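Chains as they are written, first to last, in the numbering used here: chain A, 301 to 724; chain B, 301 to 724.
One thing to keep in mind: the hints can contain errors.
Identical copies go unnamed one by one, so any copy, or any two together, can satisfy a pair.
[Claimed, not checked] Derived pair list, reagent style BS3-like, types lysine-lysine, alpha-carbon separation capped at 25 Å:
id	residue 1	residue 2
1	K580	K335
2	K556	K309
3	K486	K557
4	K556	K317
The set of hints was computed from the structure by calculation and includes no laboratory data.
Predicted model, so just to flag it, every value in this text is computed and none were measured.
2 protein chains.
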Amino acid sequence: MNTIFKNAKILKTDHAKHNFSIVEGSLAVEGNTIKHVGEVPADFKAERTIDCEGNLIMPGFKNAHTHTAMTFLRSFADDMPLQDWLFNQVFPREGQLVEDDIYWLDILGIMEYLTSGITSNFDMYFFPPKNAKASVDCGFRTVQTSGLNNFGGSIEVVEENYNIVNEMSDLSSFIIGFHAEYTTSKELMEGIAGLAQKYKSPCFMHNSETELEVKECIERWGKTPTELTEELGMYEYGGGGYHCVWMSDHDFEIFKKRDMYAVTNPGSNTKLASGIAPIKRYLDEGINLAIGTDGPASNNCLDMFREMFLMTGLAKIKERDAACVPAEEVLYAATAGGARCMGLADCDCIEEGKKADLIMIDLMQPNMQPENNTIKNIVYSGSKQNVALTMVDGKVLYEAGKFDIGFDPREIYAKANAIIGRMK
Amino acid sequence: MNTIFKNAKILKTDHAKHNFSIVEGSLAVEGNTIKHVGEVPADFKAERTIDCEGNLIMPGFKNAHTHTAMTFLRSFADDMPLQDWLFNQVFPREGQLVEDDIYWLDILGIMEYLTSGITSNFDMYFFPPKNAKASVDCGFRTVQTSGLNNFGGSIEVVEENYNIVNEMSDLSSFIIGFHAEYTTSKELMEGIAGLAQKYKSPCFMHNSETELEVKECIERWGKTPTELTEELGMYEYGGGGYHCVWMSDHDFEIFKKRDMYAVTNPGSNTKLASGIAPIKRYLDEGINLAIGTDGPASNNCLDMFREMFLMTGLAKIKERDAACVPAEEVLYAATAGGARCMGLADCDCIEEGKKADLIMIDLMQPNMQPENNTIKNIVYSGSKQNVALTMVDGKVLYEAGKFDIGFDPREIYAKANAIIGRMK
């Protein structure tokens with residue numbers, strides 16, 4: 301199916317400068333690919349022409365770290381100390397999940413992504429092939445990684461999942477990873493490093509999320525989580541860390557040397573009181589940035605607009621500098637940065653030949669007016685309410701508040717309520 | 301006009317505990333007043349019955365500090381140092397505003413309030429009667445205060461505006477106030493204190509927003525802004541401060557003794573790098589809290605959902621305690637706290653006899669599912685996208701994305717673009 305977007309403003313990405321420009325015109329999607337940007341030839345045939353009425357077509361947001369299926373624990377146990385929350389509330393319920401639950405809980409999360417203009421996720425959770433299947437069935441693009449740790453999984457299963465998910469669909473892929481240093485034995489970490497090298501894959505883990513995590517790692521190994529995992533050979537083909545809040549000078553050097561990604565999760569770091577990531581320093585040192593929502597149990601929402609505001613806002617507070625971490629860098633991290641972090645370089649911007657993972661932003665809303673600066677408006681005053689349409693792989697999955705993913709929303713809500721209801 | 305809301309969940313407020321409960325049933329509005337809650341007598345006559353389909357009716361949010369008409373400077377100059385922003389960007393353009401501009405810029409802000417479920421604002425800006433007129437013409441409830449300082453206004457004009465706005469409409473009122481200690485002479489502050497006493501009015505100002513402001517005040521007077529203004533006799537009838545970030549022990553005592561309100565503005569404090577307000581301590585000491593968005597030049601959006609998440613999230617970061625400032629306290633501050641701060645005790649909750657300033661929250665959205673805890677969902681994952689309807693004074697002003705305020709949105713956007721366009 302081909303689609304033309306006419307009367308659009310189109311957001312173009314300047315990768316060198318991490319900046320953007322806006323052109324007015326039309327855009328054509330052929331199958332799952334952006335075919336023409338700016339002008340569409342008169343003989344281009346499309347089943348559907350969408351009149352954007354001056355609204356903005358831009359790349360979809362990439363959610364570069366999440367645990368999507370944790371939707372069942374959203375608002376289940378909040379405003380409590382981290383350890384109590386994790387050990388007494390989260391883990392006992394996660395232990396009751398069966399594989400089929402994951403499928404429905406994942407779809408609930410995907411629906412929320414679509415409302416926020418998110419077109420792909422980098423997901424770590426139980427049963428990656430089941431997660432991938434949920435995404436593929438909805439038409440949503442997903443990158444899975446393993447959450448391997450001492451309490452579940454094995455190197456063999458990670459390798460099996462790597463192959464299953466990578467071969468499942470063009471919409472699904474798998475990057476090597478594991479949960480975190482503080483939950484995982486050295487033997488397993490060595491196995492993960494071996495897989496990353498065997499498959500020439502980047503490698504990801506939760507890294508330096510809390511001060512305690514780093515302190516205990518240094519006590520155990522005499523090294524930070526970044527130092528330890530780099531020495532184990534995990535980053536021969538790049539990769540990165542989720543959270544990356546408490547980083548040493550040497551950690552920054554390693555991230556730079558290995559061309560790694562710091563995936564920031566400001567909503568989760570805020571709600572769990574983990575701290576504020578050193579975003580200004582990442583930018584100053586030219587380290588790659590991407591943004592993730594983290595899971596809905598810790599955030600509690602899956603909203604890239606909130607994350608974008610927090611990424612720059614928290615940095616401004618931390619540095620006591622209202623000028624640091626400009627909106628353009630934030631929007632770059634939320635789109636191109638995330639795509640490249642997730643191995644989706646063909647989804648990183650609006651350009652001929654790129655995948656049609658794009659969204660329409662309604663500029664005719666009061667929070668987008670006047671149009672002094674559309675980039676700043678998106679980052680500082682944008683909201684889910686502005687997402688008029690979300691297209692993944694050339695297919696419109698969300699438009700004017702309605703989903704086209706093959707499931708009735710009320711059925712999905714009922715499933716999610718039944719799953720957590722079973723555990724109460 | 302009378303309205304019945306049927307098949308609703310209704311949020312009821314427990315003022316003693318700062319908590320909420322939800323009852324299922326119907327609600328009737330007679331004219332501008334809530335007439336029945338829970339059950340509506342069969343003989344109640346209504347021109348319209350709205351089927352809520354299980355969605356939530358709750359009190360509208362109260363925006364307890366803003367400069368609404370600054371919409372023209374939204375995204376005009378961001379990511380720059382505070383002084384440069386204020387003196388080189390904001391002040392020179394504000395100097396070019398004429399009274400008629402305020403009217404249109406205010407309506408743009410009111411539209412945004414309605415999309416976020418905000419039913420009244422506590423506004424400080426030039427030409428309060430013009431601001432009040434814009435609100436009244438839209439059917440929106442407003443409380444105006446004066447922004448008097450050394451660069452504009454006089455005690456006589458403040459008094460005149462006090463009477464004009466209080467007498468204009470049931471939708472408009474005026475509370476005595478002025479800009480801030482750092483912009484205002486002692487003579488003017490004494491005049492303001494005199495007015496507060498003459499009219500038995502609470503008194504408000506920007507208070508302890510930045511560390512520098514407090515330091516310089518102490519250098520000038522040997523006192524904090526709170527101490528100075530209290531000694532001048534401003535708080536004989538209560539009042540409070542906007543921002544209240546950098547407070548001394550004695551300041552807390554004064555706020556407590558005078559039953560004052562700390563109006564927190566976390567979005568603005570974040571974006572302008574002003575700091576994090578001591579919300580946990582306000583709660584621990586039983587000091588009244590309300591929430592404001594501040595103006596759209598500094599925030600840049602007028603969204604109570606963002607403010608609510610930030611109020612608790614930033615406190616959690618500051619205290620390094622994920623358990624502090626629970627969602628219930630945040631929602632109380634955003635509704636009843638704001639109403640009482642603004643002298644709108646008859647708009648503070650859903651109860652028979654209260655004004656019908658209420659909103660409908662769409663729970664059938666993925667970010668509100670599963671329904672583990674609707675209060676936590678509103679505060680932690682709620683979004684403008686969930687605002688299905690906003691009613692002020694018994695009249696629906698916003699519903700399903702459409703405004704009913706007597707103005708065409710495109711006309712308002714054009715006016716706002718023309719006003720800032722004139723100054724570029």
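Each hint tested on the structure:
In the homo-oligomer, the alpha carbons of K580 and K335 never lie at most 25 Å apart, since the shortest distance is 36 Å inside one protomer and 54 Å across protomers. In this homomeric assembly, K556 and K309 never come within 25 Å of each other (Cα to Cα): the closest approach is 35 Å inside a single copy and 53 Å across copies. Taking identical chains as interchangeable, the C-alpha atoms of K486 and K557 lie at most 25 Å apart only when both belong to the same chain, with a minimum of 23 Å there against 59 Å between chains. In this homomeric assembly, K556 and K317 come within 25 Å of each other (Cα to Cα) only inside a single copy, at 18 Å, whereas the closest approach across copies is 51 Å.
In this structure, the earlier hints numbered 1, 2 are contradicted, and the remaining ones agree with it.
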